[in-house]
Amino acid sequence: MIRLENIEKLYRTDTIETIALDRISLNIEKGEFLSVMGPSGCGKSTLLNIMGLLDAPTKGEVKIDQQTLTHLSDKQLARFRNQKIGFIFQSFHLINDLRVLDNAELPLLYRNITSKERIRLATEALEKVGLSNRIKHFPSQLSGGQKQRVAIARAIAGNPEIILADEPTGNLDSAMGNEIMDILLQLNRAEKATIVMVTHDETMAKKTHRLVRLFDGSQVQ
Amino acid sequence: MLKNYFKIAIAVLRRRKFFTFISLFGISITLTILIVLTAFWENVTSAGYPDMKRDRSLYINFVVQENPKEHGIIKGLASFYYLDHYVGSMKTPEKVAISSMFTATNTYVKNKKLVINIKYTNHAWWDVLEYQFLEGKPYTAVQIKNGEHVAVISEDVKKQYFGESGAVTGKYIKTDNVEYRVTGVVRNVSVTAPLIYADMYLPYTLSKADYRDQSINGMYSAILLAHNKSDLEKIKDEYQQVVSKIPPPNKKYTKIYSHADSYIKSYTRMFSKDENSSGIGIVITGALVIVFLLMLLPTINLMNINISRIIERSSEIGIRKAFGASSGTLAVQFIVENVILTLLGGIIGIALSLIILNIINSSSLIPNLTLAINFSVLLYGIMACLIFGLLSGVYPAWRMSRMEVVNALKGR
Ligand SMILES: Nc1ncnc2c1ncn2[C@@H]1O[C@H](COP(=O)(O)OP(=O)(O)O)[C@@H](O)[C@H]1O
Ligand SMILES: [Mg+2]
Numbered sequence: 000m001i002r003l004e005n006i007e008k009l010y011r012t013d014t015i016e017t018i019a020l021d022r023i024s025l026n027i028e029k030g031e032f033l034s035v036m037g038p039s040g041c042g043k044s045t046l047l048n049i050m051g052l053l054d055a056p057t058k059g060e061v062k063i064d065q066q067t068l069t070h071l072s073d074k075q076l077a078r079f080r081n082q083k084i085g086f087i088f089q090s091f092h093l094i095n096d097l098r099v100l101d102n103a104e105l106p107l108l109y110r111n112i113t114s115k116e117r118i119r120l121a122t123e124a125l126e127k128v129g130l131s132n133r134i135k136h137f138p139s140q141l142s143g144g145q146k147q148r149v150a151i152a153r154a155i156a157g158n159p160e161i162i163l164a165d166e167p168t169g170n171l172d173s174a175m176g177n178e179i180m181d182i183l184l185q186l187n188r189a190e191k192a193t194i195v196m197v198t199h200d201e202t203m204a205k206k207t208h209r210l211v212r213l214f215d216g217s218q219v220q
Numbered sequence: 000m001l002k003n004y005f006k007i008a009i010a011v012l013r014r015r016k017f018f019t020f021i022s023l024f025g026i027s028i029t030l031t032i033l034i035v036l037t038a039f040w041e042n043v044t045s046a047g048y049p050d051m052k053r054d055r056s057l058y059i060n061f062v063v064q065e066n067p068k069e070h071g072i073i074k075g076l077a078s079f080y081y082l083d084h085y086v087g088s089m090k091t092p093e094k095v096a097i098s099s100m101f102t103a104t105n106t107y108v109k110n111k112k113l114v115i116n117i118k119y120t121n122h123a124w125w126d127v128l129e130y131q132f133l134e135g136k137p138y139t140a141v142q143i144k145n146g147e148h149v150a151v152i153s154e155d156v157k158k159q160y161f162g163e164s165g166a167v168t169g170k171y172i173k174t175d176n177v178e179y180r181v182t183g184v185v186r187n188v189s190v191t192a193p194l195i196y197a198d199m200y201l202p203y204t205l206s207k208a209d210y211r212d213q214s215i216n217g218m219y220s221a222i223l224l225a226h227n228k229s230d231l232e233k234i235k236d237e238y239q240q241v242v243s244k245i246p247p248p249n250k251k252y253t254k255i256y257s258h259a260d261s262y263i264k265s266y267t268r269m270f271s272k273d274e275n276s277s278g279i280g281i282v283i284t285g286a287l288v289i290v291f292l293l294m295l296l297p298t299i300n301l302m303n304i305n306i307s308r309i310i311e312r313s314s315e316i317g318i319r320k321a322f323g324a325s326s327g328t329l330a331v332q333f334i335v336e337n338v339i340l341t342l343l344g345g346i347i348g349i350a351l352s353l354i355i356l357n358i359i360n361s362s363s364l365i366p367n368l369t370l371a372i373n374f375s376v377l378l379y380g381i382m383a384c385l386i387f388g389l390l391s392g393v394y395p396a397w398r399m400s401r402m403e404v405v406n407a408l409k410g411r
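Sequences listed follow chains A and B, in order. Positions 0 to 220 (numbering that gives the first Met the number 0) are the ones given, in order, by the first sequence. Positions 0 to 411 (numbering that gives the first Met the number 0) are the ones given, in order, by the second sequence.
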C-alpha cells in the first residue's frame, strides 16, 4: 500500500544541518496497522508527514498504490490526500469556530458532493466514534477525548484507505487514550483501514501488527 | 461551498468581536464619508431646480486678463458690460442670462437682524432658469430699464420678513435701507449652486456699482442657453471669436481669454493655470487622491489584522491543506471571507449614510440642500467595498496560501 524507498530528509538552517531521516525504506501492506516508536526528535513526525504527502523528502521516493508521488504539483497532492489519506494529530487541530459536524465534514468540502451527502457521511463517521449526540457542539464544549474522537471522525469521513495518526493519545489520560486506541483497532479490523500510528506507549504499540523503531533518523527495528 | 465560507466567516467574526468591531468601524466610516461626498457631488453637479436646462447651457464664470511680459494675470467674474455688450450680442445662443454673485444685505424684523443675500439679474435670467413662482411673477424688461425698485424674493424671506401671512406681492420690503416692491415669490434655491442662489433678486439697473462701467472684470456671470444641444460647440466657437476681438483694456494687460464651459468645467476653471486647461483634470486627480487616502488607512488596517490572523489561524490553514484544500482554494476562501466582512461593513456604512444624509437634509446647516442616496451612489459604495475587500484580502490570502502544511500545523 505505502512504499518508502531510501527516504532522506535534511533540514538546513544557517548554522546547522539536521538529518531528520536517514535512508528509510519501508513497505506497508494494505490493511496493516503499524506503529512507530522512538525518542523525541528522532524523526517520527517527519516520517509520517512524508508518508502523508504533507512534506517532501530530500531524497528517495514515496509510492502509494504503486503510484510515485514525489513530483506531483501542490494541487495534485492536495487531491490525492483528500481521496486517500486521513490525518489524526496529537493536538487535535479542530477548527474552533466550527461545530462538531462541520469539523467532521471538512475533507468532504474539497470533493464534488452535495451538502446532503456531506452531512450524511460526516454523521456516519461521528456515529462510529460514538459522538452522534454532540454534533451541534463547539470543540470548546468537549473533553480532550471527545475532541480526538471528532478528529478521528474527520479523518474517516471521506472513507480514506490510509489513516496516519501522530501520537493520537499523547494529550490524553490513559482511560481516554485506550478509548481512542479501541476505535483505531476497530477501524482497522472492521473497515480494513491501513493505519500508521506514532506512539510513546509500548502497550498500545503491542496491540498493533508491527512496530518500527527509529533512532536519530535511522530505522533500528 | 459559498455557504460554508459564509458559515466560517460569520463564526470568525462572532468570536473575534474586537477585530470585527475595528474592521467594521473602519470600513463603514470610510464608506459613509464616500457616500455622503458622492451624494454631495451628485447634488452639486447634476441639473436641478431651477437650473434645469443644464444639458443645453454653457456657463461663463471666469474672464482672465493676462500681462504676458510680467506673467501677471487677473482672474475673476466678468463685468455686466462685458457680458451684456460682448456676450449678449452673440448670434448662436438663444438667450444669455446674466446675474451678479450674491452679496449680503441686512434688515431688521422686530429688532432681529435678518441677512438677505441679494443678486442682480437681467431679464433673460427668468427665461433661462426655471424658477417656480409661488405667487406673482418676475419683474419685466421695462421695469428693469426704468430702474424700478422691484424684487423677487424667496419663500424663506417671505416667511422671515412677512411672517406666515397670505400673498405678499405688491408689498414692500426694505433691506440695507432701500425699499423694494415685491413682484413675486419663488421656491428656495440651495447655496450649493452659488452662482444661481439668492434670497432676493433685483434688476441689474439697481446695482450700486455702475453697470455701464467698461472694465473687463466685475461681479457677474452668464448662462448661455443654446437652441439645442448640437449648438453648444458653435456657441463655444463664436465666443472664442468674440473674445479674440475684444480690445485690450490697457497697455500692460494685453491678452484676454475666457471660455464658455459646461457647468462643472465652469467651476473647475478656477484651478486651471493656463488658457487651455479647464482644470477638470486637476479636480479629478485631487478627488481621486482624497478617495485613495480615505480608503488607504482602513485597507492597511484590515490588511494588518488579516496578516496577524494568519498566524492565529495557521492550525486551520494546515488542517485544511492536509485534508485536501489546494492553495488556490484556500486563497479564494480567505478573500471571500474578507469580502463578506467588508460587505457587512458596507451595509452598516450605507445605513449610517442614510442617517447622516437625513440629518444634513433636516438641519439648517446648509439650508435648502436635499441630498439623496441614488442608485449610482449606492453602486459606487458597493463597488468601493468590493475593491476594499479585495485589496485588503488578496495579499494576506496569498501569504497564507503559501504556508507549508507542516509549518502551519506547528504554528510557524
Ligand atoms: N522545520 C524544521 N526545521 C528544522 N529542523 C526540523 C524541522 N522539523 C523538524 N526538525 C528536526 O528534525 C528532527 C526530527 O523531528 P520530528 O520528526 O518532529 O521528531 P519526532 O516527531 O520524532 O519528535 C528534530 O531534530 C527536529 O528538530
Ligand atoms: Mg513528533
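One or more of the hints may lead you astray.
List time: in silico PhoX-like cross-link candidates among lysine-lysine, alpha-carbon distance up to 25 Å [unchecked claim]:
1. K115/A / K6/B
2. K135/A / K6/B
3. K135/A / K207/B
4. K409/B / K58/A
Derived Cβ-Cβ restraints for the label pairs, each shown as a range [what the hints assert, rightly or not]:
5. R78/A / Y394/B: 23 to 31 Å
6. R110/A / W397/B: 23 to 31 Å
7. T202/A / W397/B: 45 to 53 Å
8. W397/B / D215/A: 36 to 44 Å
9. R14/B / R110/A: 25 to 33 Å
10. I21/B / T202/A: 47 to 55 Å
11. F270/B / R78/A: 54 to 62 Å
12. R188/A / K6/B: 31 to 39 Å
13. G280/B / R110/A: 52 to 60 Å
14. K6/B / G30/A: 54 to 62 Å
15. E116/A / G280/B: 53 to 61 Å
16. K205/A / I310/B: 34 to 42 Å
Keep in mind that the hints were calculated from the coordinates and are not lab data. Cβ atoms here follow ideal geometry from the backbone N, Cα and C, with glycine treated the same way.
Quiz item: Is it true that R188/A and K6/B lie within 31 to 39 Å of each other by Cβ?
Solution: 35 Å, holds
Exercise. Just tell me: holds or violated, for the beta carbon distance of E116/A and G280/B against 53 to 61 Å?
Key: Holds - the Cβ-Cβ distance for E116/A and G280/B, about 58 Å, lies within 53 to 61 Å.
Quiz item: In this structure, is the beta-carbon distance linking W397/B and D215/A contained in 36 to 44 Å?
Solution: The hint (36 to 44 Å, Cβ to Cβ) holds, given that W397/B and D215/A are roughly 38 Å apart.
Self-check item: Cβ separation of R78/A and Y394/B, checked against the hinted range 23 to 31 Å
Solution: Once the Cβ atoms are compared, 26 Å apart, the range 23 to 31 Å for Y394/B and R78/A holds.
Quiz item: Within 25 Å, alpha carbon to alpha carbon, are K135/A and K6/B?
Solution: Cα-Cα ~14 Å, so holds.
Quiz item: At the C-beta level, are K6/B and G30/A separated by a distance inside 54 to 62 Å?
Solution: Since K6/B and G30/A have Cβ atoms about 37 Å apart, the given range 54 to 62 Å is violated.
Exercise. Sort out whether K6/B lies within 25 Å of K115/A, counting only the CA atoms.
Key: Cα-Cα ~16 Å, so holds.
Quiz item: Per the hint of 47 to 55 Å, is the separation of the Cβ atoms of I21/B and T202/A within bounds?
Solution: Because 51 Å falls inside the window, the suggested range holds.
Self-check item: Distance restraint between K135/A and K207/B, which requires alpha-carbon spacing of 25 Å or less
Solution: Cα-Cα ~83 Å, so violated.
Quiz item: Taking the CB of R110/A and the CB of W397/B, does the distance hold inside 23 to 31 Å?
Solution: 25 Å, holds
Self-check item: G280/B paired with R110/A, Cβ distance criterion 52 to 60 Å
Solution: 54 Å, holds
Quiz item: Holds or violated: K409/B with K58/A, Cα cutoff 25 Å?
Solution: 23 Å, holds
Going through the hint list in order, the structure does not satisfy hints 3, 14.
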